[in-house]
Every structure is written in C-alpha cells, then in structure tokens.
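The listed protein sequences correspond, in order, to chains A and B. One point on numbering: in our numbering, the residue at position 343 of the first sequence is 343, and numbering is uninterrupted. One point on numbering: in our numbering, the residue at position 109 of the second sequence is 1109, and numbering is uninterrupted.
These are calculated hints, taken from the structure and not from any lab test. These figures come from a predicted structure and were not determined experimentally. Ideal Cβ placement from N, Cα and C applies to all residues, glycine included. Be careful, since some hints might not be right.
[Claimed, not checked] Pairwise CB distance ranges, derived in the manner of DEER restraints:
| no. | chain 1 | residue 1 | chain 2 | residue 2 | range |
| --- | --- | --- | --- | --- | --- |
| 1 | A | Arg7 | B | Gln1016 | 20 to 30 Å |
| 2 | B | Asp1087 | A | Arg96 | 22 to 32 Å |
| 3 | B | Ser1046 | A | Glu66 | 28 to 38 Å |
| 4 | B | Ser1046 | A | His129 | 47 to 57 Å |
| 5 | A | Glu141 | B | Val1025 | 50 to 60 Å |
| 6 | A | Ser133 | B | Lys1042 | 46 to 56 Å |
| 7 | A | His129 | B | Ser1086 | 39 to 49 Å |
| 8 | B | Lys1042 | A | Glu48 | 31 to 41 Å |
Each chain, letter by letter, is given below.
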Amino acid sequence: MTQRNLRILIADDSDTDRLILQAIIKRLGHQVIEAADGLEAVQKFRDECPDIVLLDALMPRMDGMEAARHIKALAGERLVPLIFLTSLSDAEDLARCLEAGGDDFLTKPYNRVIIEAKIKAFDRMRRMHDTLSSQHEQICERNRQLLEEQAIARRVFDNVAHTGCLDSPNIRYHASPLSVFNGDVLFASPRPAGGMLIFLGDFTGHGLPAAIGAMPVAEIFYGMARKGFSGADVLREINQKLKRILPTGMFCCGAMVEADFKLGQLRVWNGALPEAWIIRGEGESLLLPSRHLPLGILPPKQFECVMEVVQVRPGDRLLVMTDGVLEAANDRGELFGLPGIRQCLEHRQPHTHPFDAVLEAVRQFSDRADESDDLTLVGLDITDQPDLPAEPEQPSLSALAGPTEWRCEYEIRERTLGDFSPLPLLLHICLEVPGLRTRSGEIYTLLSELYNNALEHGVLQLPSEWKHSADGFGKYYSERQARLARVDGHYIRFSLHHTRKPGGGRLRVVCEDSGAGFDFSNHPLVSGRDDESRAPRYAGRGLLLLKRLSRSIKFRGKGNHVEIIYDWNFSAHQGDGDDR
Amino acid sequence: MTDKQHLDEEALAELQDVMEDEFDVLIQTYIIDSRDRIASLKSALSAGDADAFAKTAHSLKGSCINIGAPRLGELCMEAEQAGKVSDLTEASRLVGEIEEEFAAVISLLEGLLVR
Chain A
1 MTQRNLRILI ADDSDTDRLI LQAIIKRLGH QVIEAADGLE AVQKFRDECP
51 DIVLLDALMP RMDGMEAARH IKALAGERLV PLIFLTSLSD AEDLARCLEA
101 GGDDFLTKPY NRVIIEAKIK AFDRMRRMHD TLSSQHEQIC ERNRQLLEEQ
151 AIARRVFDNV AHTGCLDSPN IRYHASPLSV FNGDVLFASP RPAGGMLIFL
201 GDFTGHGLPA AIGAMPVAEI FYGMARKGFS GADVLREINQ KLKRILPTGM
251 FCCGAMVEAD FKLGQLRVWN GALPEAWIIR GEGESLLLPS RHLPLGILPP
301 KQFECVMEVV QVRPGDRLLV MTDGVLEAAN DRGELFGLPG IRQCLEHRQP
351 HTHPFDAVLE AVRQFSDRAD ESDDLTLVGL DITDQPDLPA EPEQPSLSAL
401 AGPTEWRCEY EIRERTLGDF SPLPLLLHIC LEVPGLRTRS GEIYTLLSEL
451 YNNALEHGVL QLPSEWKHSA DGFGKYYSER QARLARVDGH YIRFSLHHTR
501 KPGGGRLRVV CEDSGAGFDF SNHPLVSGRD DESRAPRYAG RGLLLLKRLS
551 RSIKFRGKGN HVEIIYDWNF SAHQGDGDDR
Chain B
1001 MTDKQHLDEE ALAELQDVME DEFDVLIQTY IIDSRDRIAS LKSALSAGDA
1051 DAFAKTAHSL KGSCINIGAP RLGELCMEAE QAGKVSDLTE ASRLVGEIEE
1101 EFAAVISLLE GLLVR
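Extracted from the complex, chain B is given alone in its bound form (with noise of 0.2 Å):
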C-alpha cells in the first residue's frame, strides 16, 4: 500500500522544539481532533455524501501532514482522492486502513509523551 513510516521522527523533534511545554497539548489536541474527523468521515460515508467525505479526509491529511504522520497523511489523500470521484466502496476500504493507522500512530505518539 504504502511504503511511508508511521511516524517522521524528524518533523517531531522539530514541533517539540517549536512547541516546547505544549508539545503535549499539542499531541492531546491531535488525537482528539483526528479522532473527531474519523467519526465524521464514516458518518459522511454511511450518509453516501461523497463530497463532505473529500473535504473530511482533506482537513485530516493537513492536519497529519503537519504533525509527522506521513503514511496516515497519504491514505487521507487517497480517501479524499476517492470522495472526490465518489467511489464509495474504495472510501469505505480506505476508512478501515485509516482507523488502523490512526491506531499504530496513537500508539507511537503516546510512547512519545511516556517519554
């Protein structure tokens, strides 16, 4: 599917010396805010509005973009890719991978914040 890593360890050292004591709030908004974006795109999906689905996936790649998740970022574009060209069944697989993505992230962010 994808070759990218989970996590850009890079871009992450960098937001924490940009964020300094709020890298945490930071990490804590992200999951929160990911978390939302997903429940909106399978309810845009089980609603068959293909066009809020695009725009969903288009929000939540910017927003793994910039905190250095490349592989999820990448499966956002390929679901905003599908919204826009309302293939739903494609949309529907690509929710399934984000969720399991966005599992393996969480998961490596909070070994972050452990840390």
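Chain A on its own, in the form it takes in the complex (with noise of 0.2 Å):
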C-alpha cells in the first residue's frame, strides 16, 4: 500500500516528548499539528480537521481524557482514530482513555517502528470507515430514489389503473399498496350492458420490468371494458400486446373473469394461475384449473381465449388469487399450498367468508406480516343486482366539449354478420359525447336490442319461442351458426344522429335490417295494449327495454326498420352520480 500523506495532531505538554514525536512522524511523511495542551488540542482540531490524533493524558488546563471526548464530539459519524501518548503504567488509568473514546495507546519511550505501524494501522481503519461510510450514504441516497420514484410510477400507475369497481360491496380483496412493483395487478370494472369484468394478473419478476408492463394492460382493459367487448377480446389483445413487447421469458400469468348477474353465469379464463374457487352457498366448492400458457407467450394465432361457462347463483363466491398465496411458507420452509386453502375452507365458521377465511389463514400460517405483500387474492360475491359505484369518468366539466351535431351510418354485411360484432363501435361513437358517457350502460342496452333482433329475428329469422324450452334453446344456437353461413345479400344498417337540445342532446338511432320484418302493428308491445303474461319472451322482454329506456320507438316498412329516440338532459343522472 502506498504510504500516504496525513495530517496528524500531536497534544502533549512536554516540549522534549513534542519534538520527539514530531520528528518521527515527519520523518514518516505526514505533516504535524502540534498542541501544547487540551485546550489547544481541541481548538485545533476544530481548526485544521486532522486525520488522526495523538494525546497526551495528562496535560494542564485540559487534559487529554476530557479533550477525547470534545475531539470525539467534534468528528461525529467521521472516524478520527485517537491514540493517548503515555507512561501511564496503571490498569485502571489506561482503561479510562479508552473509556474517554481513545483507540489505542503509545507508551514512552517512543518507538519508531510501533508509532509507524499503528499510523498506518489506524489509516486503514479510517480509509476503510471512510469508503464504508460514503458507501452507506450512496446505499440511503439511491434506496431514497427508488421509494420516490417508485412512488411516482406509482401515481402514474394509478391514474392509468384506478380502482375500477373494485370498492363494489360486492368484490373483496388483498394486494400490496405497492403490488405493482410485486408484478401484480388486479382490475375491475363494470360493463356496459350489466355485469362486470375483473381481471387478475402476476407479471413474472419484481420491481420495474415486472411494473411496466402492468401498464399497457390496465389501459387495454379499462378502454376496452367500459366500451362493452367481451373478457375474451380483452384477453386476445392483452395477450397481444404483451407478446410484442415482453421480452422472451417475461409474461403474465393471469385470470379473466366476466360476471354476468342477471343470467347467473360466469365466464372464467385461467391462464397459469393457482385454481380459482367458486365457493357454493350451499358449501361444496369448486375448482377451475388453470388451462392456458400464460399471457404474452403464444403469437395471436395460436392463442385460446375461449372462456369456461359456469352457472351460479347469489350466495355463490369466487376466489382468483396469485400463487404469492400457495408459496406462502412458514418458518420450516413449508408451503402453504393448495391444502392449506382446502383445510382453511373445510374448518371456517359458516359465517365467515371464505375470502377472510384464506387471507387471514394464509397471515397466521406464514407468521410474518411482510409475507402477506407478496400475494394478490380477490373475492367475488354473486349477487342479484350488485350496486356499482358511479364512474370515476365525470362529464361535469367537459359535458359542453366534444361532438354534439353529427350523424353517422354504419353497415355491415353477408359474411362479417356472423364474424364481428359493430356495437363496441358503435358504442365507442355516442360515448364521444361527454354526456352519454355516463349513460354508456342504456346506450350499450339499446345498441345491442336493436342489433341482436335485427341480427336474429330480422336477418336470420329465428323464431323466439325457440328460446322458452332447453331443447328449443339448444336448436336456436345451432341453427343461429347454420344460419349465420347463409347471408349473402343481408345487411345490418344502423344511422347514428345526435343533436343538442337545451340543458342536453338528443340521440336519434335508426337500425334497418334486410330481413322480413314483422307485424309491428298487431304486436301487443308495440300497439300499446300491453299483455304481462307475454313480457318474459326474450323478444318481448327486448322491446320492453327499449320502450322504457328511450323517449319513443317506431317501427317502419315491413318492420325492419326501426327508429328510437333517446333524450338525455345535464341533471337528470348528475345528481345521483359521484360529483367531483
């Protein structure tokens, strides 16, 4: 090692000793400080910050016991080696410049070559401390980064993934405030024509790569669920997109789950993640598997997002979790797995809800409240009609912006009537208007009347009583697909017309279809004598909605041309609606 230049402070009172001293040390290369008692000691060292401090013990005015303590003080987090200069012989007298903050002692006489070695000696210590030190300052300064930016990617995070309608009463669940940064990622939101969609996702690795790609996620769900396309065209284009911009061996295992209330039926996809339960109220359970390669992985073509029907009816729960809950382990090392949940299940008192019953079983097995971060778990409660809060997408402000006077018209036709469905399209249109965003959900509902009966009854001309028995139900599906291969010639047309009227606008939506059409004027709905006992048929049951939700409902022609006027006013939803 090479010898370096220090600066050393020498107290002692006796000149002879001084002198000695110093000219040891200067013959060492370092250059000397000199002091002539405490006092002057500490002053100096206040002065000139030398690197390391020789004291003598005993001096006048302050001794060297008491200076050690002032020169400690003085160098705080610094480390200043100090070594007493002495002749003392007693045990106890050498303790106490230890106990004053003394490093090590030098007795007299003075030798050369043990006052050369402990110099260099304490100059490894102190350069070793040094590094360490700035080392630990640099470890705080970027740990201090990282919380913060993390803090912002967090934000940034938010504004693109806000909670959806996770705060429904009906959806319970457990993830890390800072999940993101975990690979973890959980949506929900509610659908336009009813029902919601939640999706559950575990990037594989932690802290950013695992964050970013929660990114373009979020934006594809939240876009395309509000505009009413199904959990399965989410899945495709999530799928998709990660696929193009992972790197190989980074994905997203995850779970979709589409909840359709009024029909009792939920639509789950499971790719790669721990079996998600469906919990019955009568208490058997469920298990779906997962049955696909984890997001991100399979080019498009090659992609299954077929999604798994199951029925179920209020009462009934759904557990989705990330396998943050299986790997959960215990201080043997032990996993929690999937007989943990099974026996945390089986054992619950029959009022808890199995939700509570799993997080606070998997809490209590792996004893450490940091284990629990690293886990997403959600339940769903299948109800009737579960209250969904308000939108976060307020028109308040902006209601004024955007188109108010245009009118559009959209036609598909022979084949790609059975291949694509216009209404996400369509829907995308009127909710440019700020004011028929809050209303997506009855414009999605009479988008999507108008369309499946121009679809089913106008151009394929499928009886509905078809629909009232399981055997007819079955025979409508299948002869809706043999069906939907014989359309050359037909076409759907919809014309989109929206005005501003005072304090609103008026949305004029004519859908023709090419079909036959049908006796509108002896239909009991549409001749106003109205008949209960036929409300329950689909068809009926379509009509009716339409009545209600728009201002008037005229049917043209043959009966395959229909006109609704839907009016929509500033007041009328705001007041109900989350005003901020």
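Join the two chains into one complex using the hints; note that each chain is given alone, in its own frame.
Here you go:
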C-alpha cells in the first residue's frame, strides 16, 4: 500500500516529547499539527480537521481524557483515530483513556517502528470507515431515489389503472400498496350492459421490469371493458400486446372473469394462475384450474381465449389468487399450498367469508406480516344486482365539449354479420359525447337490443319461441350458427344522429335490416296493449326495455326499420352520481 | 537505590538518527524543560501540594524515559508515587536525588553535544 500523507495532531505539554514525536512522524512523511495542552488540541482539531490525533493523557488546562471526549463529539460520523500518549502503567488509568474515546495507546519511550505500524493500521481503518460510510450514504441515497421513483411510478400507474369497480360491495381484495412492483395487477370494471369484468395478473419478476407491463394491460383492460368488449376480446388484445412488447422469458400469468349477474353466469379464463375457487352458497366448492399458457407467450393465431362458463347463483362466491398465496412459507420452509386453502375453507366458521378465511389462514401460516405483501387475492360475491360505484369519469366540466352535432351510418354485410360485432365501435362513437358517457349502460343496451333483434329475428328469422324450452334453446343456437353461414345479400345498417338540445342532447338511432320484418301493428307491446303474460319472452323483454329506455320507438316499412329517440340532459343523471 | 544507567546509549543513538540536525535542539529543550519541572517540583513541595507534585513528576518521568535517561525516569516515578500517597518527606528526599541525577545526566548529555 502506498504511504499516504496524513495530517496528524500531536498534543503533549512536554516540549521534549513533542519534539521527538513530531520528528518521528515527519520522517514518516506526514504533516504535523502541534498543541501544548488539551484546550489547544480541541481548538486545533476544530480548525485543522486532522486525520489522526495523538493525545497526552495528562496535560494542564484540559487533560487528554476530556479533550478526547470533545474531539470525538466534534468528529461526529467521521472516524478520527485517537491514540493516547502515555507513561501511565496503571491498568485502570489506561482503561479510563479508552472509555474517554481513545482507540489505542503509545507508551513512552516512543518507538519509531511501533509508531509507524500504528499510524498505518489506523489509517487503514479510517479509510475503510470512510469508504463504508460513503457507500452507506450512497445506498441510502439510492434507496431514497428508488422509493421516490416507485411512488411516482405508482401515481402514474394509478392514473391509468384507477380502482375501476374494485370498491363494489360484492368485491373483496387484498393487494399490497406497491403490489404493482411485485408484478401483481388487479382490475375490475363494470360492463356497459351490466355485470363486470375482473382481471388478476401476475407478471414474472419483480420491481420495475415487472411493473412496466402493467401499464398497457391496465389501459387495454379499462379501455375495452368500458366499451363493452367481452373478456375474451380483452384477453386476445392483452396477449397480443404483451407478446409484442415483453422480452422472451417475461410473461403474465392471469385470470379473466366475466360476471353476468342477470344470467347467473361466470365466464372464467385461467392462464397459469392457481386454481380459481367457486364456493357455493351451500358449501361445496368447484375448482377452475389453469387451462392456458400465461399471457404474452403464444402468437395471436395460437392463442385460445375461450372462457369456461359456470352457472352461479346469488350466494355463490369466487376466489382468484396469485401464486403468492400457495407459496406463502412458514419458518420451517413448508408451503401453504392447495391443501392449506382447502383446509381453511373446510374449517371456517359458517359466517366467515371464504376470502377472509383464506387471507387470515395465510397470514397465520406464514406468521410474518410482510409475507402477505407478495400475494394478491380477490373474492367476488354473486348477487342479484350489485350496486356499482359510480364511474369515476365525470362529464361535469367537459359536458359541453366534444361532438354534439353529428351523424353517421354504419352497415355490416354478409359474412361479416357472423364474424364481427359492431357494438363496441358504435358505443365508442356515442360515448365521444361526454353527456352520454355516464349513460353508457343504457346506450349499450339500446344498441345491443336493436342489433340482436335485427340479426336474430330480422336477418336470421329465428323464432324467439324456441328459446322458451331447454331443447329449443339448443336448437336456437345451432340454427343460429347454421344460418349465419347463409347471409348472402343481407345487411344491418345503423344510422346514428346526435343533436344538441337545451340542457342536453338527443340521439336518434335507426336500425334497418334486410330481413322480412314482422307485423308490428298487431304486436301487443308496440300497439300499446300491454299484455303482461307475454312479457317474459325474450323478444318481448327486449322490446319492453327499448320502450322503457327511449323517448319513443317507431317501426316502419315491413317492420325491419326501427327508429329510437333517446333524450338526455345534464341534470337528470348527475345528481345521483359522484360529483367530482 | 537503582541499578539503572544514567544514559541509555542505544536509545540516544536512535534519537540522533531520528532527529538528525535537530538532535542538539532536542537536548537543549530537554535540559530547559526538565530544569523548569524540577523547579516546579520544589515549589509544589514547599506549597505542600502533593497532587501537583505527582503530576509534575509524572510529566518529567515521560520525557526522561523518552530522552533515554532511565535512572532519572525511575526516580521521577518514585517521586510520583510519593506524591500520590502524599508522603512529602519521601518526596523531599527524592527531589534531592533527582537534582543530583539530573546534574549527572546534563554533563553526560553535554559531552554528547560536544562530540
């Protein structure tokens, strides 16, 4: 090691001793600062900031012990080796020197070799300390930066992935506040036609790389869910996007749940997440294991987004989780696993919610609070009609902005009738009007009723009576498929026309199809002679809905030309919403 | 009393090596320094201040050991002990011996300087 030039403070009241010591130290190549007593030593220490201090124990004005305490206090975090110069031989006196903050002794007579060795040793220690404390400072600074960056990233992420309808009374979830940096994401959104879409994802890896994929997934999910796209559509889009942007070896295990409370149906897609659980109101449970590869692996053509359909009833509950639940470990290294879930569900008190039972059991099992921060768990209660919290997007300020006077026509023809649903596109156009955005459910219902009627009863001529029996239902759908292959020359044409009205606006929707139409003048609902006994019929229900939602409904021509007027105004909807 | 030598030749040779040109200054400083301290010993003794006596003896002891005057250092140590136990009679006797030994050391050191 190369000898470094150090600044060394010598405090000794004996001129003789000081002379000898400074001569020795100068010959070692160091710079000497001299003091003749303790007070002067403290003063010089303050002024000159020496690297090492040599202090005589007994000095007039202020002795070495006291000077040592002052010097150590002045040095603070810096390590300044402090060596006592002494001819003391009493063990107790020596011990007092160390208690006062001394690091070592040099006894008289001074020995050049020992002095050199000690200075070298303490210089090494001093430099090691400096290195450590500057590294420590760097680490603290980096950590502070990292936390700050995470907080900022988290805010950006929250703006993209607002909680959607995760706060609905029928959803329970656990996710750590920084879960996105564990690679976990959880989204839920109401669907325009009712019901909800829930997505739970778990990206490979941790930290920023895991979080970065979450942004596009959030955007796709919320953007598409709001426009009425199905879970399968959203999955296809997410997979395609992730496949394109994520490097090989990075992917997202995920599950999509599409809940239709009206039909009592859950559609579930599980790609490499642990089994999803359906716990029936009566107690038995059904496991929905992963049947797919994670998202972001398969090219779009090979990607399967068929969702499993499960019939559910109010009182049933669904649990979906990331593998953090199964992999929670106790201090003996055992994993919670599937048996852990099964056990806590079986042994839970009758009134304990399965979600609470599992979360509590995992926490107790792992016995460490931080363990639960690497898992995400979501529970969905099947209810009759869940109260959805108001959509965060409010038109209040921007209601007058956006398009108010417009007209568009959209026609789909022939084979496309079977391949493509124009509803998300049409809904998207309508929702460009800020005032219609909070009414997306009604608009979607209007458009989908018109479209389904035009397609199934108009173009395909399927009799709605078939749907009344279980056999007929199957026949209805197989016939639907068959007839969709024979739609040459057929079309469905939508004309949308929006105008401004005082305090709101009017949307006129005309839906025409190439079908044979129907005898609307004798239809009980259209003619105004309301016949309750016929109401449960599907087609009847649809018409009833259209009548209820719109200001007026008119049939023209052979009955294959329907016109609906939908009026909206600012005041009607806003009072009951969330006025932000 | 003590069988230690007046001067430690080996230690002095090393000092000469370390101090180079400043060796003379060192010896002069030591002589002046020690003379002051012996005077302090005497005044502490006449004031009956045993504590000050012990401290001064302690300091003198340090520089005597460093300069290579072991016998004088030994006497200083005994004086320090006497001061600590407030034995002023013994202290008084030792001051006499210290003065005597110091005179011997001075003449030997001056011999070194002349060389």
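Hint-by-hint comparison with the structure:
Taking the beta carbon of each, Arg7/A and Gln1016/B are about 27 Å apart, inside 20 to 30 Å as hinted. The hinted window of 22 to 32 Å between Asp1087/B and Arg96/A holds, with their beta carbons roughly 24 Å apart. In this structure the hint that Ser1046/B and Glu66/A lie 28 to 38 Å apart at CB holds, the actual value being about 29 Å. In this structure, Ser1046/B and His129/A meet the distance hint of 47 to 57 Å, their C-beta atoms being roughly 51 Å apart.
Roughly 51 Å separates the CB atoms of Glu141/A and Val1025/B, a value that falls within the hinted 50 to 60 Å. Between Ser133/A and Lys1042/B, the C-beta spacing of about 52 Å keeps the proposed range 46 to 56 Å intact. A C-beta distance of roughly 45 Å is found between His129/A and Ser1086/B, which places it inside the suggested range of 39 to 49 Å. Against the hinted window of 31 to 41 Å, the Cβ-Cβ separation of Lys1042/B and Glu48/A comes to about 37 Å, which satisfies the hint.
Every hint from the earlier list agrees with this structure, and none is contradicted.
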